[in-house]
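Read off the chains here:
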Amino acid sequence: MALKIPSSLYDRLRKHGEATYPHECCGVLVGEFDETGEKVVQDVVECGNTRTDSPANRYHISPSELVRIQREAMLAGHDIVGFYHSHPDHPARWSATDLAEAHWTGCSYVITSVEKGRAVLTNSFLLLDQEDAKHFEDEFLEIIEG
Amino acid sequence: MPIKVLIPTPLRPYAGKQSVIEVTAQTVGEALSDLVAKHPDLRKHLFSDDGKLRSFVNVYLNDEDIRYLSKEATQAKETDTITIVPSVAGGQ
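The listed protein sequences derive, respectively, from chains A and B.
According to my numbering, the first sequence is numbered sequentially starting from 1.
According to my numbering, the second sequence is numbered sequentially starting from 1001.
Keep in mind that the hints were calculated from the coordinates and are not lab data.
You can take every hint at face value.
Quick list of in silico lysine-lysine cross-link-like pairs, BS3-like style, CA-CA up to 30 Å:
no.: 1; chain 1: A; residue 1: K4; chain 2: B; residue 2: K1017
no.: 2; chain 1: A; residue 1: K134; chain 2: B; residue 2: K1044
no.: 3; chain 1: A; residue 1: K134; chain 2: B; residue 2: K1004
no.: 4; chain 1: B; residue 1: K1017; chain 2: A; residue 2: K134
no.: 5; chain 1: B; residue 1: K1004; chain 2: B; residue 2: K1052
no.: 6; chain 1: A; residue 1: K134; chain 2: B; residue 2: K1038
no.: 7; chain 1: A; residue 1: K15; chain 2: A; residue 2: K4
no.: 8; chain 1: B; residue 1: K1071; chain 2: A; residue 2: K134
no.: 9; chain 1: A; residue 1: K134; chain 2: B; residue 2: K1052
no.: 10; chain 1: B; residue 1: K1038; chain 2: B; residue 2: K1071
Here are a few chain A residues that sit away from chain B, every Cβ distance over 12 Å (derived from the structure):
no.: 11; residue: M1
no.: 12; residue: P6
no.: 13; residue: S7
no.: 14; residue: R12
no.: 15; residue: K15
no.: 16; residue: A19
no.: 17; residue: Q42
no.: 18; residue: E137
no.: 19; residue: D138
no.: 20; residue: E142
no.: 21; residue: E145
The beta carbon of each residue, even a glycine, is placed where N, CA and C say it ideally should be.
My request is simple: use the sequences and hints to build the entire structure.
Put into structure tokens, the structure is as follows:
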């Protein structure tokens, strides 16, 4: 399993994390699932972080934004294939909060560490299994041309 | 009267791999009931054991969160679209 993302979109989600530093950024990965379950990202949609009470270590995407993005993606023949957010001055690994708040099984959760305002590492994690047994697995993030 | 329900990617394996399902209903609650009657595997992903919508499941009628309308009693008509979106959140 892999998440394939064009380099221009990869750069865009990392820059988003730099732009919102020291707060967490967040957004949606729109693309396609192929027949093997691999995902190809075709667009990155930046979202606002509604967790204004604790934006340095929490994020939340407004459901109304998700509804709009899902609808537009489906009209274009695409799907939501994952999400991204940043960890300001914190490793690019999923946290207990990330897992507890993750509900999109089969989708990718991409995390970028942003240290002192500069994007460092970007990793992808695949959410697997049903709610009572859900877990993340490391996922190969393949940067492709484009 | 048929109403469209948009199914998010994580729930499609329990909905015959379909992204849009038509249901017959006059309220959002009836629409969800018809949905789980057609696809029983969806039930536990949408509802808790006490029959209430799970807290992380957002249900929208067109552009409105049903929590701010009349919840499951919200009236729905043929031209409406119901969208189900699990919440997206987290943090370090």
